[in-house]
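Student: Just so you know, the sequences run in chain order A and B. Under the numbering used here, the first residue of the first sequence carries the number 1, and numbering increases by one thereafter. Under the numbering used here, the first residue of the second sequence carries the number 1, and numbering increases by one thereafter.
These are computed hints drawn from the structure, not numbers from a lab. It is possible that some hints are incorrect.
[Claimed, not checked] With a straight-line Cα cutoff of 25 Å, these simulated PhoX-like cross-link-like pairs (lysine-lysine) come out:
{"#": "1", "chain 1": "A", "residue 1": "LYS143", "chain 2": "A", "residue 2": "LYS132"}
{"#": "2", "chain 1": "A", "residue 1": "LYS97", "chain 2": "A", "residue 2": "LYS249"}
{"#": "3", "chain 1": "A", "residue 1": "LYS135", "chain 2": "B", "residue 2": "LYS132"}
{"#": "4", "chain 1": "A", "residue 1": "LYS97", "chain 2": "B", "residue 2": "LYS189"}
{"#": "5", "chain 1": "A", "residue 1": "LYS42", "chain 2": "A", "residue 2": "LYS27"}
{"#": "6", "chain 1": "A", "residue 1": "LYS260", "chain 2": "A", "residue 2": "LYS249"}
{"#": "7", "chain 1": "B", "residue 1": "LYS217", "chain 2": "A", "residue 2": "LYS42"}
{"#": "8", "chain 1": "A", "residue 1": "LYS132", "chain 2": "A", "residue 2": "LYS27"}
{"#": "9", "chain 1": "B", "residue 1": "LYS2", "chain 2": "B", "residue 2": "LYS247"}
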Amino acid sequence: MNTTESSSCSKTRNPFTGAEENAVGVKVEGVHKSYDGVEVLKDVSFEVVPGEIFVLMGPSGSGKSVLLRHIAGLETPTSGRITVNGLDPSLEATRDKVRLALVFQEGALFNSLSVYDNLALYPREHRAGDEKVIKERVMHALKILSVEDAVNKFPSELSGGMKKRVSIARALVMEPQLLLYDEPTSELDPVMSATISEIIATLKNEYSVTSLVVTHDRALALTISNRVGIIMDGELMTLGTPGDLSKSKDPRIVDFLNPKIDIEHPRFKKLETKEAAK
Amino acid sequence: MKHLRKILEGVGSVVQLAVRSLSYSATLPRQSARFIEQCYMIGYTTLPIVAILSFFIGTVLALEAGYAMQDFGAKEFIGSLVGLSMARELGPMMTSVLLAGRVGSAITAELASMKVYQEIDALTTMNISAAKILVLPRLAAVLVMMPVLIIIANIVGWFGGSVVARYVSYVGIGPEAYFAALRHYTKFKDVINGMEKAEVFGFVVVLVCCDIGLSTKGGPREIGAAVTRAVVTSLILILVLDYFVTKILL
């Protein structure tokens, strides 16, 4: 990485006003999380430097999304500490000081509101100007994500890709200093995945928003990230630049990054046997 | 012990939600659209069913009272019995039961589905309180609409009683005698007491249904379970509170 590169880039440019403000960093220190005695996060520690794109990869069920929910302040760790700019993200007071937005895997758009109202909700509730200013801000965000045509539609009328883009636009309207993405390219076709990756990179390059992306999309992780962390069974296995990871000799990392389908593998034989028995 | 702990946790959660919601009361004027929408949902859409139910409660009361009183020659008191029963007890209670079944279930289903589909989490990350924009307008709307529903329930119920009193042969008293007795024995205070009861029931029903909806965890299956839990809890609370509120108001 580019820790130094990112550190130097510690100002966020507001996409609406152009004003510069301090980008925020995230610190995860020895975090453990258990649900009913089952440990899903085991002593996870890392740091996200202000202004960088940090990607957390890992197989399904490895604890990536749980960790992201902790960073968003939606859950609290069983032990350990998470701070955003030195503050506890689960406190309302922190969210008053640090604008943190989360792009949910399923979008989590408000189904009873139109796309416009979905985006306008945050500035309206936080009294970020009159309706004219809010409208400009909403339309600008939709334009950045190329979904202006959906402004009057309801979430149920949108395709998966559009929902994702509207969800990112909604996050953008918050003028976030820290943007968290949960599987932004899941269930999308390759073209749409590439578009979403491009959007994440653009937000970083043009506005220096600190971004933390949880994904198992190898292409997204290796192309847009400054640093990548790989989490398996709730443990952070490795941390480094995309280049470092490509050179890794750890067989679990190699297998994860370069999965091979071996039809001679015993598990396929097992299936065949079952089929034959039928 | 486990059940007691669960009940106490539930009570604590409801009280916390009430305090949090009411602490945003100053924002209500800015939430007029949401408030009006909830008034429509709670008041206007419940009105027809409240009217139908009240009419038939009034008729049954008059029918039963007429049957029981004919042997004592006390038929002229039917109006007072229907009037007092509707105003003090049946109007507020049956309207609250309807509120729990119709509005309470809808509130729980909506909020539980918002919780399950992460819309509530989205609000949290936006630093927008669900208590402020989802619970407060509903609480305010139920406080405004319950008295209106009770007045209509009473009037329709009284009218239902008068129809039976007039047209059922073994009752057979005219509307003048029926309404004279009703006016004589049913005081304004009785109607107000009924409204006060309904306000308490309505507030508790909406609060409990919001709390159960907002604390739903899991998938779509849990939405149905939450709705059942909310309606059953509301009905039990209405009946339990009815005793205590009546005792206080007497």
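Student: Give a verdict on every hint.
Tutor: Here is how each hint holds up against the structure:
For the hint pairing LYS143/A with LYS132/A, the CA-to-CA distance comes to about 16 Å; that is within 25 Å, so the pair holds. Between LYS97/A and LYS249/A the CA atoms are separated by roughly 42 Å; this puts the pair beyond 25 Å, and the hint is violated. With a CA separation close to 23 Å, the supplied pair LYS135/A and LYS132/B stays within the 25 Å bound. Under the criterion of a C-alpha separation no larger than 25 Å, the hint pairing LYS97/A with LYS189/B is inconsistent with the structure, at around 52 Å.
For the proposed pair LYS42/A and LYS27/A, the alpha carbon gap of about 16 Å is at most 25 Å, so the pair holds. Distance hint between LYS260/A and LYS249/A is fulfilled; the C-alpha atoms sit about 16 Å from each other, no more than 25 Å. A hinted pair counts as satisfied when its Cα atoms are at most 25 Å apart, and LYS217/B with LYS42/A qualifies at roughly 24 Å. A threshold of 25 Å between alpha carbons decides the hint, and for LYS132/A with LYS27/A the separation of about 38 Å lies outside it, so the pair is violated.
The straight-line distance between the Cα atoms of LYS2/B and LYS247/B is roughly 31 Å, outside the 25 Å bound, and the hint therefore fails.
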